[in-house]
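**Student:** The whole structure should be built from the sequences, with the hints applied where relevant.
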Amino acid sequence: MLNLIPGVEGYMYPNEIELQWSLLIVLYPYITGLVAGAFILASLERVFKVEEVKPTYRLALLTALAFMLVAPLPLQLHLGHPERSFEMYLTPHRSSAMAMFGFVYLWYLMIVLLMEIWLDYRKEIVGWAESSTGVRKWIYRILTLGSRNVSPAALRVDDKVGYFVTLVGIPSAFLLHGYVGFIFGSVKANPWWSSPLMPVVFIFSAMVSGIAAVLLLYMLTSKLRKMTIDMRCVDTIARYLLYAFIIDFSLEMLDLVHRIYEADESLRALDFMVHTKLYFSQVILQIFVGTLAPIALLGLTQVWKFAEGARKSIYAAAGLLTLIGIFAMRWNVVIGGQLFSKSFLGFTSYKMEFATREGLLPGVALMVLPFVILWVLVKLLPPWPKTA
Amino acid sequence: MEMTRREMLRKSGKFILLTGAAATAFEYVLAGKAEASPNYEITKHWWAMIIDVDKCIGCGNCVRACSEENDVPEGYFRTWIERYHVEGWDNAHPEVDSPNGGFDGFPDNHKGEKSFFIPKLCNHCADSPCTQVCPVGATFTTPDGVVLVDEKYCLGCRYCIQACPYGCRFLNPKKNTADKCTLCYHRITQGLTTACCEACPTSARVLADLKNPKDPVHEFLRTHSVQVLKPHMATGAKVFYKNLDGSVR
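Quick mapping for you: the protein sequence lines, in order, are chains A and B.
The working numbering numbers the first residue of the first sequence as -16 and each following residue consecutively.
The working numbering numbers the first residue of the second sequence as 1189 and each following residue consecutively.
These aren't lab readings, by the way, just hints derived from the structure by calculation.
All the pointers check out, no bait thrown in.
Capping the alpha-carbon separation at 25 Å, the derived lysine to any residue pairs in SDA-like fashion look like this:
#1 A:171 with B:1360
#2 B:1418 with A:178
#3 B:1340 with A:73
#4 B:1430 with B:1245
#5 A:295 with A:282
#6 B:1299 with A:-7
#7 B:1340 with A:65
#8 A:334 with B:1362
#9 B:1362 with A:60
#10 B:1363 with A:63
#11 B:1430 with A:248
#12 B:1362 with A:62
#13 B:1340 with A:59
#14 A:260 with B:1285
#15 B:1302 with A:249
#16 B:1243 with B:1397
#17 B:1363 with A:56
#18 A:171 with B:1422
#19 B:1299 with A:-9
#20 B:1363 with A:62
#21 A:209 with A:303
#22 B:1363 with A:65
#23 B:1363 with A:76
**Tutor:** Set out below in structure tokens:
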């Protein structure tokens, strides 16, 4: 039968033709994933005593904070009534997976991230409050929160509490991103999303993207500061990136194999979608360019001994490809899940707009903003080791 | 009780023109709080709908009546009609169309194979996924079993639209809030039927009150083979289809 609606093939329920969740909702899990991943990398040093990654500890925390501050913005921009979003705090609907976002977010931002960063920097903040002048002095004085005791006993307490906060922070980071996965994974109406593996896949993909982002940021900032890159550090990070990536890819393949083998009523539609509308973003970008290529690159460094310069280039390339691949994964989940009809009889298209509220322009702005925030944070709270 | 002549005339006029029950409820209707009317006992109803597939002729009257009654924005549907063509034994891959939701009826291009019309609307599920996922409880189920959206409270996050397995919800572009069939709540609480049922020339769709022992729905459900859409979704759908073909999804 002829279908005259542009971008639609087969039969969509009439209200399904328009996509509900746009590019901004792709950014939301991407950004929270970077937060969770960066934090988990930081906790490697603090809790698991992986001393090699110490040079990135503070940078990872500040990166997590910069992205965390931006995480709710795509949601706010997307809401039909952003002015009512505070209702989620005042009258949360307890059966809603989404209602808990505000609380998980606040818990993570206020209790975990801010507290850990403050405790870690407290001694320096007190010092800067005394040695700085002008506006900076006042900013640091405020940041001390009135606590100027930097006696060895007080610092020992800081360290103990900081350790405890990180300990709590690891499951919190898992909760933050696993929960984002649950928002999608618990929608039984949508077979592309509905999977108990979704939260786990989200957690591991978050670790992959966060580790890759911090690795790149560390290498880039070292270059900009004309400092030598600590190769022990980047070698270790790259190794952890590879491990996390292998687990992530295995889980995603398990999900895929399970779907194909079960072959339920949705398979034909989903399979068609992956081979047509999602072919570029799923098969090319996510699987080949964004997963297999970086895994192969990182794997090579484990098998052969490369010179320092070559390793740096390989890590940079693998990190970049990883970030592209994880972005493609978020895209395929969010957009892919809306391209087929819940009747499994048709497909629609997503046309990205440019300078509209949910268009490409605000999307790009939202991805630049965390880096601006990170720049300010780095200026205010230099994360570099004292010897640097 | 003291009563002015003007008041006496107004009240007696209302009672002459309207039935006793309607006259009592009139003030509440004017105040926009029909459900608070003393005539309507919210706990004594449990609303549903029965659809006789064999009777639907795809005329589109229901879609037009709904659109007009509820000011449904163009291009969106609180109710719509689908036309199915099923060739041979291939039940899993029917050919379906719904031009403009069936608003203008259907073009006559019948191919000779099995063909029928399926009116669709919100199933007012007893365990509705849309109600479950709403982050602020703006979507709720009334005590008389109707799923409604509080448009003054809805954030417009669209999680409910994603959660509905039947594609019954949309974002109202004028209000920026979730929108869907209300089962003409403003009418049924006044003892009227829904606009779509009233406009149906063949009585293919009939409003039913599952709590009313005198409602013919009980006889209908007892004597016919009925099915709900996507029963595997376990949503407790309350729109019952008579003789629903297995190809319908």
